[in-house]
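Please model the complete structure; the sequences and the hints are all you need to start from.
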Amino acid sequence: METLLVFLLVQLSVSEGRPYDPAPGIWHDKSEARNLDCSRMSQQRAHELHPGEIPAPLARLANQESEALVCTRRIMRNGERPERDELILDSLRESVGEIAEVASALGPGKLTWHVDAFYPQPEVAAKISVAARTELAEQGRRVSDKVPVLAAGDIVVLGRMAPKDAYPLACKRYFAQRALGENDAFLGIMLIDERETQLHAGLCLNGEWRWLR
Amino acid sequence: MRPALLALTLALVSSSSWAEVAPEIAEAQRAQMEKLRAEVAGQIQLQAYDLLDELVYGWTRQPVFELETPVVLADVTVPVGFGSGLAALIENHFAELVVKNPRTRLTLAHCPQCTAVVVHSGAKGTIVSRGVDQPEALATAGALSGARHAIFLDFEAEGSALVLRARITSLEPALPIIHAKTLTTSTSSPALLRSGDQLKSAAEARKEYLDALQGRGPVSVPVRVAVRSYAQSPTAGPIAAMPFIWLQAGAEVALTQARAWTGTFSVGVTWMPQLHTGFMGQARISRLLTGSVASLTQPDLYVFLGGSVISIHGQGARVFRSEVLNLEDVLSDIPSLLVEPHATFAAFPIGLELRVGNRIAASVFLESAPALDNAPSIGTHLNLLNILKFHTVGAEVSFAF
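Chains A and B are the protein sequences, given in the same order.
Counting from 1, one number per residue, gives the positions in the first sequence under this note's numbering.
Counting from 1001, one number per residue, gives the positions in the second sequence under this note's numbering.
Everything labelled a hint here was simulated from the structure, so no lab data went into it.
These numbers were taken from a predicted model, which means no experiment stands behind them.
Heads up, the beta-carbon is just placed ideally off N, CA and C, and yes, glycines get one too.
There could be a bad hint or two in this list.
[Unchecked claim] Examples of chain A residues lying across from chain B (beta carbon under 8 angstroms, computed):
{"#": "1", "residue": "Asp37"}
{"#": "2", "residue": "Pro51"}
{"#": "3", "residue": "Met76"}
{"#": "4", "residue": "Glu80"}
{"#": "5", "residue": "Leu111"}
{"#": "6", "residue": "Glu123"}
{"#": "7", "residue": "Ala125"}
[To be verified] List time: in silico DSS-like cross-link candidates among lysine-lysine, alpha-carbon distance up to 25 angstroms:
{"#": "8", "chain 1": "A", "residue 1": "Lys110", "chain 2": "A", "residue 2": "Lys172"}
{"#": "9", "chain 1": "A", "residue 1": "Lys110", "chain 2": "B", "residue 2": "Lys1100"}
{"#": "10", "chain 1": "B", "residue 1": "Lys1181", "chain 2": "B", "residue 2": "Lys1207"}
{"#": "11", "chain 1": "A", "residue 1": "Lys172", "chain 2": "A", "residue 2": "Lys146"}
{"#": "12", "chain 1": "B", "residue 1": "Lys1100", "chain 2": "A", "residue 2": "Lys146"}
{"#": "13", "chain 1": "B", "residue 1": "Lys1100", "chain 2": "B", "residue 2": "Lys1181"}
[Claimed, not checked] A partial selection of chain A residues facing chain B, derived with a Cβ cut-off under 8 angstroms:
{"#": "14", "residue": "Asp116"}
{"#": "15", "residue": "Pro120"}
{"#": "16", "residue": "Lys127"}
{"#": "17", "residue": "Val130"}
{"#": "18", "residue": "Lys146"}
{"#": "19", "residue": "Glu194"}
{"#": "20", "residue": "Arg195"}
Right, here's the structure in full:
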């Protein structure tokens, strides 16, 4: 009995202080691990973000940089949304932030910005355009919720063209039909090929289309 | 090997059986997906509330408008994949916050036409859209209820973070956005429920959270009332140990900040008139089972392991001794009956403890006392391969101060 007790005590002491390990193993399978968002940071930073879970670095180890791997479960687990939508939405802040930054640099001055997104799923398209409008507005740009529209005949013609030709022509038509004026800028964010998972963007200024990415 | 097995399996399963099973599987998958979705919605609802609290708190500090202004809550969109139920909860919470915080200088206006599909025919043609996208049509119809601004709230799940994008649009033909704000759970304070009429900043909420963590303190004083029941040996005849009631007090130390490990040392006393008086010293170590951090709001389950030294004095101690007196012993050695018997032995408890708020706890345990293996009056409640024998079962109620 004593042997067993000693064994149990040793097991307890071995696992003491060991934090919850989300790595795949006996208790977690790989699919569980894939649903985690993990980032490596200093122990000091991790303590600031998660004070109840990660202790402050010991003063006597101040010279040694210790790190923590902070893992958080993804809100939407893999497989719950279509894979392309998930990839686009997962990095929406970063991708839209980059696009808005480049567009802002190319369209200085007192322009009124209009934004629209072209994506197969309307609900995802709305998310992309809202993110871009909010980003531009937070940068101090004058942004409008109004989306310029073309006549039905234009849309039919543009629909038959390849994207690399259709968007520049649409820009010209916006300007010709006075849907956009000289003080307006139109930022279009789109998927060019339905199989890709990277957003492209273009800027329409004074009837001239310019690809941003 | 695996492809061969798969081929064999597929060959054994007829196509007709697939046709019968498939709809059931699909139904089960749908049910599972709905269950999962409801579970996730329950988790992000609190995060969404937290972001709304932070948004409205910001507006109370820096109002968007100088004067009280009627606004229309034009749209609430939830993460792709979620239904309108979550949107309704968010809308209600937002309305509650605005009503309870007049310092935002916002007044919610009723405008059902703003979110409805509106058909407007004019000189330029016929346009079908939401009401808020055609403010001139709404104004013509007099449907704006005096509101000239619309609020849009958009939530999206981006990885492990929930992101709120809020904007206020002026309801004039150009639809200019006059205010925009992005908030995300990855940069805000840890989730903390704040009452709607007493909003706090993220920094204040964080300080409250830290105070709550630190307020628990590393040392507490538990007071326990325990009952120990010893197993009766099948060969003991009528002699059996009665349950012992113990009162214990001591000190408990949290070994880690998260209270995942705690150590306790306590002393105890038991007394039964004319039967026994007993003393005990006990040390135990507890490990949290439910998660890696003791919860501030939910019960916590611990497993504990300990060691005790128990000393019993009085007639009640006879059951713990290795010899049982019979009539011959009594008659041959009467003077020994006048000496007060006593028994001292070591015991090792293992058990589970459920704690609520680190203030009150209930536990059950098994205790092994190797010295009692030789006591003919004491049996075992649980015998593991004759290696580990548990002679005692017990229950405790604890209060920590």
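Results for each hint:
1. Satisfaction of the interface hint for Asp37 (chain A) is found here, the shortest Cβ-Cβ separation to chain B being roughly 4 angstroms, below the 8 angstroms cut-off.
2. Taking 8 angstroms as the C-beta contact cut-off toward chain B, the hint placing Pro51 (chain A) at the interface holds, the least distance being around 6 angstroms.
3. At a threshold of 8 angstroms, the smallest CB-CB gap from Met76 (chain A) to chain B is about 5 angstroms, leaving the interface hint in force.
4. Contact between Glu80 (chain A) and chain B, as hinted, is supported at the beta carbon level, the nearest pair being about 6 angstroms apart and thus within 8 angstroms.
5. With a least beta-carbon distance of about 12 angstroms to chain B, the hint placing Leu111 (chain A) at the interface is violated under the 8 angstroms criterion.
6. Below 8 angstroms, beta-carbon pairs count as interface contacts, and Glu123 (chain A) has one with chain B at about 5 angstroms; its hint therefore holds.
7. With a least beta-carbon distance of about 11 angstroms to chain B, the hint placing Ala125 (chain A) at the interface is violated under the 8 angstroms criterion.
8. Of the pairs offered as hints, the one joining Lys110 (chain A) and Lys172 (chain A) holds, with about 21 angstroms between alpha carbons and a cut-off of 25 angstroms not exceeded.
9. Taking the CA atoms of Lys110 (chain A) and Lys1100 (chain B), the gap is near 38 angstroms; set against the 25 angstroms cutoff, the hint is violated.
10. Between the alpha carbons of Lys1181 (chain B) and Lys1207 (chain B) the distance comes to roughly 24 angstroms, so the proposed pair stays at or under 25 angstroms and holds.
11. Of the supplied pair hints, the one linking Lys172 (chain A) and Lys146 (chain A) holds, its CA atoms being roughly 18 angstroms apart against a limit of 25 angstroms.
12. Distance check on the hinted pair: Lys1100 (chain B) and Lys146 (chain A) sit about 32 angstroms apart at the alpha-carbon level, beyond 25 angstroms; violated.
13. Of the pairs offered as hints, the one joining Lys1100 (chain B) and Lys1181 (chain B) holds, with about 21 angstroms between alpha carbons and a cut-off of 25 angstroms not exceeded.
14. A least Cβ separation of about 13 angstroms between Asp116 (chain A) and chain B goes past the 8 angstroms threshold, and the interface hint is therefore violated.
15. Nearest Cβ of chain B to the Cβ of Pro120 (chain A): about 13 angstroms, over the 8 angstroms cut. The hint is violated.
16. Interface hint at Lys127 (chain A): satisfied, since its Cβ lies 6 angstroms from the closest Cβ of chain B, which is below the 8 angstroms cut-off.
17. The interface hint given for Val130 (chain A) is met, as the beta carbon of that residue sits about 5 angstroms from the closest beta carbon of chain B, less than 8 angstroms.
18. Contact between Lys146 (chain A) and chain B, as hinted, is supported at the beta carbon level, the nearest pair being about 4 angstroms apart and thus within 8 angstroms.
19. At about 17 angstroms, the closest approach between the beta carbon of Glu194 (chain A) and any beta carbon in chain B exceeds 8 angstroms, and the interface hint on this residue is violated.
20. Taking 8 angstroms as the C-beta contact cut-off toward chain B, the hint placing Arg195 (chain A) at the interface is violated, the least distance being around 19 angstroms.
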